[in-house]
Amino acid sequence: MGKIVGIPKALLYYNFYPMWKTFFEELGAEVITSSNTCKKIVDDGVKSCVDETCLPVKTFVGHVIDLKEKGVDYIFIPRVVSIEKRRYLCSKFLGLPDLVKNLVTDLPEIIDMKIDYYRGDDTMKKEILKVGKIFVNNSKKIYDAYLKSIEMQKKFESIMRKGLSNTEAIKAIEENSVDVKLNGNLKIALLAHSYDIMDDYICMGIIDRLRNMGANVFTTCMLDRDKIELGASKLQKDLFWTYGRDILGAGKYFIENRDIDGVISVSAFGCGPDSLTDDLLERDYKRDGKIPYMSLTIDEHTGEAGITTRLEAFIDLLRWRKGEITI
Amino acid sequence: MKITYPHMGSLNMILKTMFEGINIEVVEPPPVTSKTLSIGVKYSPEFACLPYKINLGNFIEALEKGADTIIMLGGVGPCRFGYYGQVQKETLIDLGYDFKMIILDPPHGRLIDFLKDLSGYFPGVYWKDALKTFIFAVQKMIAADNLEKHLLILRAHEDKIGVTTKIYEKYVEGLKYAKNKKELDYIYREGVEKIKQNANVKRDIQLKVALVGEIYLMLEPFSNMDICKSLNELGIEVTKTDYLSDYLINSAFKLPQKLEFKRYAHGYLERDIGGHGLNTVANTVKYAEKNYDGIIQIFPFTCTPEIVAESIIAKISGDKNIPVMSLSYDEKTGEAGYQTRLEAFKDLLERQKINALK
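If you read the protein sequences in the order shown, they are chains A and B.
Each residue of the first sequence is one higher than the last, beginning at 1 in the working numbering.
Each residue of the second sequence is one higher than the last, beginning at 1 in the working numbering.
Do not rely on the hints blindly, as some may be mistaken.
Listed below are the simulated PhoX-like cross-link pairs for lysine-lysine, each with C-alpha atoms no more than 20 Å apart in a straight line [as the list claims (entries may be wrong)]: (1) K237/A <-> K100/B; (2) K170/B <-> K194/B; (3) K89/B <-> K286/A; (4) K130/A <-> K154/A; (5) K89/B <-> K237/A; (6) K42/B <-> K286/A.
Quick caveat, the hints were computed from the structure, so don't treat them as lab data.
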């Protein structure tokens with residue numbers, strides 16, 4: 001068996017895991033992930049990080065510690081600067097490997113591949129070779145692995161567009177089948193970063209909760225790109241954060257399109273980028289006045305009861321507006 | 001057209017000089033006070049950072065004073081400062097103000113292009129005139145920054161507490177109204193001289209602290225509760241690692257300072273992460289190697305680049321054996337709490353220095 005590469009089940013795991021896994025496996029490595037988020041993982045993260053760090057990053061650090069304890073040979077912590085031309089991700093992704101290395105001691109070797117498409121040039125080529133050479137000394141094989149991983153990413157994204165969440169799409173790829181109940185009669189847009197809503201521990205399974213209350217849930221990953229682009233084209237100045245722009249684009253699309261009963265935005269306590277984008281979105285929904293909008297903030301102290309109560313109240317409001325219930 | 005802009009340290013002095021130099025009426029935003037802040041807080045997103053909230057307060061106070069055009073800088077990320085203007089504009093529209101907002105994205109490379117862009121908003125003004133008045137404004141800024149550099153060392157040695165601050169304020173005001181370069185140089189030299197005359201206290205244990213962190217917090221004394229003054233009055237010499245002139249020069253040109261930062265930060269933070277995160281890490285290493293006694297990081301609560309930097313400089317503190325303290329500020333920050341922490345930090349530095357001497 002080859003060397004073991006550990007991938008933390010947090011942050012961009014939800015957006016790229018199938019791709020990353022394919023890349024490493026094609027190179028002959030064995031890939032494992034950290035365990036599902038649990039109290040210990042969050043506690044480990046909270047203890048290692050400075051107070052003001054956001055919950056998703058604290059959780060990520062907890063997952064790195066979990067992988068360290070599992071005894072992997074490498075931990076994959078990419079420095080994801082940009083995943084498309086002229087746009088960035090949040091600052092924390094730009095410094096993530098540095099942050100982890102300075103917070104956690106005695107780590108196995110970190111693969112801190114730089115992923116940067118900001119200029120759209122071929123700087124990626126060098127990074128791919130650099131990382132590939134850790135496993136095989138064969139450039140052709142490395143490029144092939146990269147191409148396969150890109151194919152996998154396309155497949156992964158197309159599965160999500162059918163209405164599956166990121167986690168469900170990962171499961172669909174790994175197990176070749178997945179059973180998802182999509183028969184609610186309310187349509188709710190859940191606008192948030194994947195890492196804020198996909199981790200069932202930190203967001204208390206918000207998607208399934210909503211589905212069980214009779215809602216069909218739409219996340220930015222489930223929407224067609226052209227819908228998001230259409231919404232984003234209404235921005236006065238293009239937004240320089242990829243995921244923030246997706247959220248705003250989707251939000252603006254629904255205002256115009258009206259094919260939705262309500263919008264819930266979720267963000268982590270103290271999230272810098274969301275503080276501005278959520279404000280813009282909420283302002284748009286208030287001005288429009290037609291579609292109910294609710295925002296939820298999560299952190300390591302968030303209680304299940306609080307989330308449930310607010311979701312139930314919101315669903316009741318939507319049903320009342322549809323005339324399904326009376327007060 | 002009655003133009004206004006946000007406060008940021010000596011920015012007011014520069015912009016006023018510049019716009020009045022090209023015959024544009026300026027409505028100076030009233031000085032930042034707790035009223036400015038509470039107005040800003042009331043209409044800002046909860047987790048927006050302190051500079052955002054103060055800026056918004058500045059705009060509202062200036063619009064109430066009769067301004068009709070707001071000049072604001074933009075940006076291309078990843079720091080959220082680049083999108084402040086857009087959100088503030090929507091907020092002010094919802095509040096019912098009638099105004100025009102000019103958001104200038106930072107120049108990519110050439111300062112002249114930037115000024116040409118700027119003069120595009122002001123028909124009838126030639127960019128050559130604008131350039132001339134801009135150069136004088138920059139000279140004022142450099143004089144003000146240098147005067148402050150002297151202040152932050154010499155005030156730690158003042159004979160009578162509080163006197164130096166008064167002298168300094170008087171001369172900064174003088175710089176603001178200087179009409180030409182000659183007058184400017186004269187006021188600057190006299191200001192330095194007067195500050196020196198009042199600085200005769202010598203200590204056996206003299207502490208030196210470098211202030212690192214986010215630029216707005218560094219430049220706008222209201223936002224950091226005048227931490228430099230508090231430190232000076234505890235007898236500590238302070239070096240501020242960022243000035244407006246550095247900021248302007250760095251964002252206007254592709255600069256060697258960036259390379260210097262990368263070199264210092266190497267091994268801790270390998271690239272620019274937006275905002276002043278890289279500067280903070282690099283300056284912490286730089287001043288630790290210059291044998292400063294301590295480092296204080298200041299930044300607005302929820303500032304992502306600085307939170308990443310905070311996580312990293314804790315490690316530098318151990319590696320380089322230099323005490324580091326991080327202070328984050330928001331509208332709920334109480335002054336007494338911070339004063340206590342500064343005093344405790346001073347005690348720690350003093351003890352460390354005495355032990356080192358033994």
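*Which numbered conditions among the earlier hints are violated in the structure presented, ordered from lowest to highest?*
Violated hint (a single one): 4; every other hint is consistent with the structure.
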